[in-house]
Each structure stands twice: as C-alpha cells, then as structure tokens.
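Chain residues, written in single-letter form:
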Amino acid sequence: MSLTFATEERGGTIVVHLSGRIDRDATTAFEEVAASTSAATDIELVFDDVDYINSTGIAIIVGLLARARSRRASVHATGLTAHYVHIFEITRLSDFIEIVQPADA
Amino acid sequence: MTRTVESREDGKVVTDPPVVLTRTPGVATEPAPRRGARRRAAKEARAARKAARRAELNPTDSRATTIEVRIDPGDPLLTFLQDAPGPLEIKTLPPTSPAVARLREQGAQVVVPLITSGELVGVLALGPRLSERTYTRNDRRLLDSLTRYAAPALRLGQVMRQQENEVRDRERIEQELHVAQLVQQQFLPAELPELGGWHVAAFYRPARTVGGDFYDVIQLADGRVMVVTGDVTDKGIPAALVMASTTALLRSAAEVTSSPSEVLRRVNELLIPQIPMNMFVTCQVLVIELDTGRTLFANAGHNLPYISRAGQVVQLAARGMPLGLMPGSRYDDVETVIEPDDIVLLYSDGITEQHDRAGEMFGFGRTGEVVAGARSGDELVDRAIESLSAFSVGVEQEDDITLVTLHRGRSSGYHDTVSFAVPSIAGGERDVMDRVAAIVEGALPARRLEDLKTAVSETAMNAIEHGNRGDQNLDVEVVVRRTAESITVDVADFGRGRRSEADIPDIDLKLAGLQAPRGWGLFLVRELTDRVEEITDGDRHIVRLVMHTTEHEGNES
Numbered sequence: 001m002s003l004t005f006a007t008e009e010r011g012g013t014i015v016v017h018l019s020g021r022i023d024r025d026a027t028t029a030f031e032e033v034a035a036s037t038s039a040a041t042d043i044e045l046v047f048d049d050v051d052y053i054n055s056t057g058i059a060i061i062v063g064l065l066a067r068a069r070s071r072r073a074s075v076h077a078t079g080l081t082a083h084y085v086h087i088f089e090i091t092r093l094s095d096f097i098e099i100v101q102p103a104d105a
Numbered sequence: 001m002t003r004t005v006e007s008r009e010d011g012k013v014v015t016d017p018p019v020v021l022t023r024t025p026g027v028a029t030e031p032a033p034r035r036g037a038r039r040r041a042a043k044e045a046r047a048a049r050k051a052a053r054r055a056e057l058n059p060t061d062s063r064a065t066t067i068e069v070r071i072d073p074g075d076p077l078l079t080f081l082q083d084a085p086g087p088l089e090i091k092t093l094p095p096t097s098p099a100v101a102r103l104r105e106q107g108a109q110v111v112v113p114l115i116t117s118g119e120l121v122g123v124l125a126l127g128p129r130l131s132e133r134t135y136t137r138n139d140r141r142l143l144d145s146l147t148r149y150a151a152p153a154l155r156l157g158q159v160m161r162q163q164e165n166e167v168r169d170r171e172r173i174e175q176e177l178h179v180a181q182l183v184q185q186q187f188l189p190a191e192l193p194e195l196g197g198w199h200v201a202a203f204y205r206p207a208r209t210v211g212g213d214f215y216d217v218i219q220l221a222d223g224r225v226m227v228v229t230g231d232v233t234d235k236g237i238p239a240a241l242v243m244a245s246t247t248a249l250l251r252s253a254a255e256v257t258s259s260p261s262e263v264l265r266r267v268n269e270l271l272i273p274q275i276p277m278n279m280f281v282t283c284q285v286l287v288i289e290l291d292t293g294r295t296l297f298a299n300a301g302h303n304l305p306y307i308s309r310a311g312q313v314v315q316l317a318a319r320g321m322p323l324g325l326m327p328g329s330r331y332d333d334v335e336t337v338i339e340p341d342d343i344v345l346l347y348s349d350g351i352t353e354q355h356d357r358a359g360e361m362f363g364f365g366r367t368g369e370v371v372a373g374a375r376s377g378d379e380l381v382d383r384a385i386e387s388l389s390a391f392s393v394g395v396e397q398e399d400d401i402t403l404v405t406l407h408r409g410r411s412s413g414y415h416d417t418v419s420f421a422v423p424s425i426a427g428g429e430r431d432v433m434d435r436v437a438a439i440v441e442g443a444l445p446a447r448r449l450e451d452l453k454t455a456v457s458e459t460a461m462n463a464i465e466h467g468n469r470g471d472q473n474l475d476v477e478v479v480v481r482r483t484a485e486s487i488t489v490d491v492a493d494f495g496r497g498r499r500s501e502a503d504i505p506d507i508d509l510k511l512a513g514l515q516a517p518r519g520w521g522l523f524l525v526r527e528l529t530d531r532v533e534e535i536t537d538g539d540r541h542i543v544r545l546v547m548h549t550t551e552h553e554g555n556e557s
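Going down the list, the sequences are from chains A and X.
Mapping of the first sequence onto my numbering: residues 1 to 105, in sequence order.
Mapping of the second sequence onto my numbering: residues 1 to 557, in sequence order.
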C-alpha cells in the first residue's frame, strides 16, 4: 500500500500518522507532509501502520528532517518496529529524531 | 665511530675563520659640521667598513681553502682531544695520528676540540690567518670561548640530524612493510569459497606487520577441495617471503596432482634449493570430497588437526618432515571421513605456544577444550581467540596465529536450493523480498530475517533499476540456498555491476546539504548482512548475500 497520512495537533505538536510503505512512491505524500508541518516547531511521526521503509524512504525522511531542522523544529518518531529502530540507529537518524517507545520493544 | 670535522653549515671548515679572527679596521675620524650630517656621515662610514669587511671575509677569496678530514674511530687524535684544554698548535698533536698528518697536509695550524657534556662532538681546524700573522693569545682565548658555545649547538644539530634520519628511515621501513603486507595479502584467500554443505571460517593474525603463517582453499578440477595450512619458521619479512614462495608452489602442485602426499613431496623438492639455511616450513594438506566427507590428509611436521565429533575431540594423525629440510622426504596419505556435524580445526603453533604472564603455554589441552565446546566453525574461531586473549592478557603475541575451521553441515551440497526470476518492474523488489522470506522461514531469528529482507529488497531494487535498467524483458534471477550454517541469496542481473555509491552516507553532510539525501542502499546491505560478494558470470552480474544461521559475535542484531 502506498503511503497515506493524516495530521492532528496535540498540545502544540503536529502529529503525523503515516500508513503504508515509505519508498519511492511516498515522495509526493511526504511533500504534502512537509507542507502540512511547515509552520510546526514540534513534529511527531507515527509509524504504527508503516510496514516497509527502504533506502529511498530513508532519504525522504532525511529530506523532511532537513527542512524541519532549518527552521529549528524538533522531530520525534513513535511506533517504529525494532528492525526500523535498528536502521534509524545505523543510519544515525536516531541522533536527530527522538525515538519514542518502539512498537515491539 | 666515525667523526667528521664539522662547521656550522656544510660540514667543512674554512681555513681562515670568520669574524672572530679578523681585526676590525680603525674608526673613521673625519669631522662633520652639523649633528644630522654627522649622523649620516657616521652611518655611511659604518656601511663602508662593513662592505670592506665582507670583501675581506668573502669565502670566495682566492687565498681561502677548505680543510676536510675524516677522522677514523680508532685514531689516537680522538683520545688526545677528549682531554685537551683548548686550542692546540698542530705540532703538539700526536705525530702517529693519520688524521694529524692529513690536517698538516691541508695546512691546518690550530685545532680546537669541540666538547660538550664531556663528549667530543667535533673538531675546528684552522689554517694560517689571511693576514699572515700568527694566532695571538687573545685569538686563542676567543676561540676557546667560541667553542664553548659552538660545541653544544653543534651537538644539538647532530642530534636533530640523527633524529631526522631516524624518522626518515622509520617512514621508509613502514612504507616498505605496508607494501609487503599488501603483497602478502594477495597470497591469502580474499574470500573463503562457499562449499556446498560445508562452512569454512578462518582467522589470521601475524605477530608483526607480515607473517609466515598461511592457509589456502583450492577448488580442484575433480570437484574436490584442497585445504592447506602452514607455518614458516621465523617471523616478519624473511618468513613472509618464504610463505609467498611456498603458497605459490602449493597452488602449482595442486594443478598437477590431487594427492596430498605428492603435493608435499613436490613442494619440498622445489623449496629446498631456494629456502634460506635454518628456515623450514611446516604444512598440512587435506583433500576433501564434499558430498561424502572422504578426506585424504598428509602432514609435513605441522600441528595435528582437531575434530569436534559428537561431543568428543579427536585428532587426525600423520607424520612427515617439514618442507625445505631434507631432499627426498616422503609423505603418507591418511584417509578419514569427516562426518556430518564434524568441525575440523587447523591451527598454527601461534596459539598452542603462546605464553601467559607466568610463562605457561596455552598448550594443546586448552586448545582441545575450546574445540570440545564448539557448535560451529565461526563459534570455534571466536572462542579460541577469546580464550587465548584472556589467557595471555598483558603479554605480547609471540607468533603468527592462524585458525581454519571446516564444518560439515547435516546435508552436503545445496540440496535446499530454490531459484526464481522476476521481471524488471519497479517495485518488484518487494516481491523478491517476500519470496526469499518465505523460502528461509525458520532458518533465522526474526530480527535477522528482517535484516535479510531489507538487504534483499535493496539488492533487488538495484538489479531492477540499475543492472537491468528497468527493461521488463530482462529478468532478475534469484537463487536461495540454505545450509546448516548459512543462508545465501544470489541476485543476478544483466548489468555491469552495482553502481557504487560514491560517498559513504553521512547524515551530518546530508542534513547540511553537502551530500544528496539518497545513497543509503549499499550501506544498508553491507550493514545488515554478514557478507556481500560480487561475482561476474558471463553476461550476468551477481550479488551474493550471506547470513550465518548460527548466532555468534558480530551477527546478533
């Protein structure tokens, strides 16, 4: 399933619920995520319903993170499986995105 | 000890000394009418005097010559000058000294020893003064005073030059050793081959930059495999040179015969004319039939292999003279069968003869204990190194260490092999990933399976997008092999090889806009698998991913 997303505001944080795969097909969806969070100072990405992230998906997340950092917004991630936590760690994404409560930890 | 007469710059001494022995011309006495004009006139006069003095001291003066004398370490002059009080007339020096004779020949009149911290570091030799006057008492006092300052400075210069030379020599030796290391690596297998149903693991650590241990795995024309380990006496460069020669001879012999004893006999005869005196090579050769485990073994004085078999430890036994010692040496082929689940350990004496702080050797007993507890070849290697490190903590590694393990799996050959192909359609990598996951189900812990899935997906995506350039008429072919110890996934396309990602991905650079956000694929594949190989097979390019099924250090995730 290609990526869909929904946003909500929760106590000053823009929460982005992601669903599907984060790969090349998710490029457009992430452009929309970036637009939806362009004014946010705190962004939470919810990965509960993400079942696949590949290297292109990692690059897309890096792109979103770069935009957020350029305006000093912080980014958090929740719901990552242990495998994707591992990938966030080896790519050092976890140095810049706070990982909160891995789903199967 | 060789000493050379030294001067401040070029190691030579000019006969007429500079400034110190030159009389200063008289001061101009012309009167000047006004104060400013007086100053200008005085300045001009000083400049004129300096110019005149420079001309007088010009080293190109036709009357100036150079004294250059090498003083041999045994020359009595050195002993004489060691205790000399200061400047000395040439006629007061020991007449038996060859150096004094040479100094006389070159016109030296006065010699001043340069002594600092009680050590004679040089000699200042002076010829006749350009003024043709004799050296006065004041001249000698001045020379004596000068040498008190000059000697430590000269010594400092000598020490600095010596250190510079030592640094240069060290750098050259390190560079040569680095080259030797690169050359030696060419004689060790870059990758251990995947042998159907067998798993080979190896560890090699020379005691110095290069070493004399060696091992090799040679696939024979009849399908059998020859495994060789050996140890050249001595360490370092001499051992490495003999090691290189021996491995080349072994490979050459393996092309002619598949009998281990005959291989050893041939190499012995070829090695004897070229091996230096007091050096020899211990070596053992195993030729293995992979399907049956039937093994021929011959030994040239090497440590006997251990076999871990059903909880017991046994040793293969065969005798023979080391290589390079005696012409006409004969060796025997011993036949044995390596059973399924057997683990064979081939090793050098770098492990058994390593001492601890108390001077006790690691020995065969501890080596056997390590073999007894092993469940896989990789684990055996890891346990042996851990055990040896703990045993010899605080003690330098004494000899090269080589370990090679052969683990025969339950089912020999690639009996659990599944092949399939997918067209080069964007997104097809997920199909490949799911199918591989289904094939290897149960063979890997859940988290390692997830690692393999991501690695397979990335490799397949690369094959589709880059290897086959998205051409739907070209398939991506996948072969999955399961053995007792590993999962191997071959992903083949019709390209010329993976597009290597130019830069190692660095998130700091990517976030700073200094590196493109993409470029993670190859990095992930390498990080998530135990081994990645690239193979060219005709017009196909194959990427092979290997995952060990047994947990050992380095592959837990």
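Please keep in mind that the hints were generated in silico from the structure rather than gathered at the bench.
Heads up, some of the hints might be wrong.
[What the hints assert, rightly or not] Covered by chain X, per the in silico footprint, the following chain A stretches (three or more residues, Cβ under 8 Å):
| hint | region |
| --- | --- |
| 1 | 37-47 |
| 2 | 52-65 |
[To be verified] Here are the in silico distance ranges between beta carbons for each label pair:
| hint | chain 1 | residue 1 | chain 2 | residue 2 | range |
| --- | --- | --- | --- | --- | --- |
| 3 | X | 420 | A | 4 | 57 to 63 Å |
| 4 | A | 12 | X | 420 | 48 to 54 Å |
| 5 | A | 25 | X | 516 | 15 to 21 Å |
| 6 | A | 38 | X | 390 | 53 to 59 Å |
| 7 | X | 310 | A | 4 | 26 to 32 Å |
| 8 | A | 71 | X | 168 | 43 to 49 Å |
Ideal Cβ positions, reconstructed from N, Cα and C, are used throughout, including at glycine.
Taking the Cβ atom of residue 38 of chain A and the Cβ atom of residue 390 of chain X, is their distance within the range 53 to 59 Å?
holds, 57 Å
Between the region 37-47 of chain A and chain X, see if three or more residues pass the 8 Å beta-carbon test, and mark the coverage as holds or violated.
That given contact is violated, which follows from only 0 residues of the region 37-47 of chain A lying within Cβ reach (below 8 Å) of chain X.
Tell me if the beta carbons of residue 420 of chain X and residue 4 of chain A are separated by a distance inside 57 to 63 Å.
About 31 Å separates the Cβ atoms of residue 420 of chain X and residue 4 of chain A, which means 57 to 63 Å is violated.
Taking the CB of residue 25 of chain A and the CB of residue 516 of chain X, does the distance hold inside 15 to 21 Å?
Given range 15 to 21 Å: holds, Cβ gap about 19 Å.
Mind checking, does the region 52-65 of chain A have 3 or more residues with a CB under 8 Å from chain X?
holds (count 10)
Cβ distance range 26 to 32 Å for residue 310 of chain X and residue 4 of chain A, holds or violated:
With a Cβ separation near 57 Å, residue 310 of chain X and residue 4 of chain A fall outside 26 to 32 Å, so the hint is violated.
Pairwise beta carbon distance, residue 12 of chain A to residue 420 of chain X, judged against the given window 48 to 54 Å
holds, 51 Å
Whether the CB-CB distance between residue 71 of chain A and residue 168 of chain X falls inside 43 to 49 Å
violated, 55 Å
In terms of the numbered hints stated before, the structure departs from hints 1, 3, 7 and 8, listed from lowest to highest.
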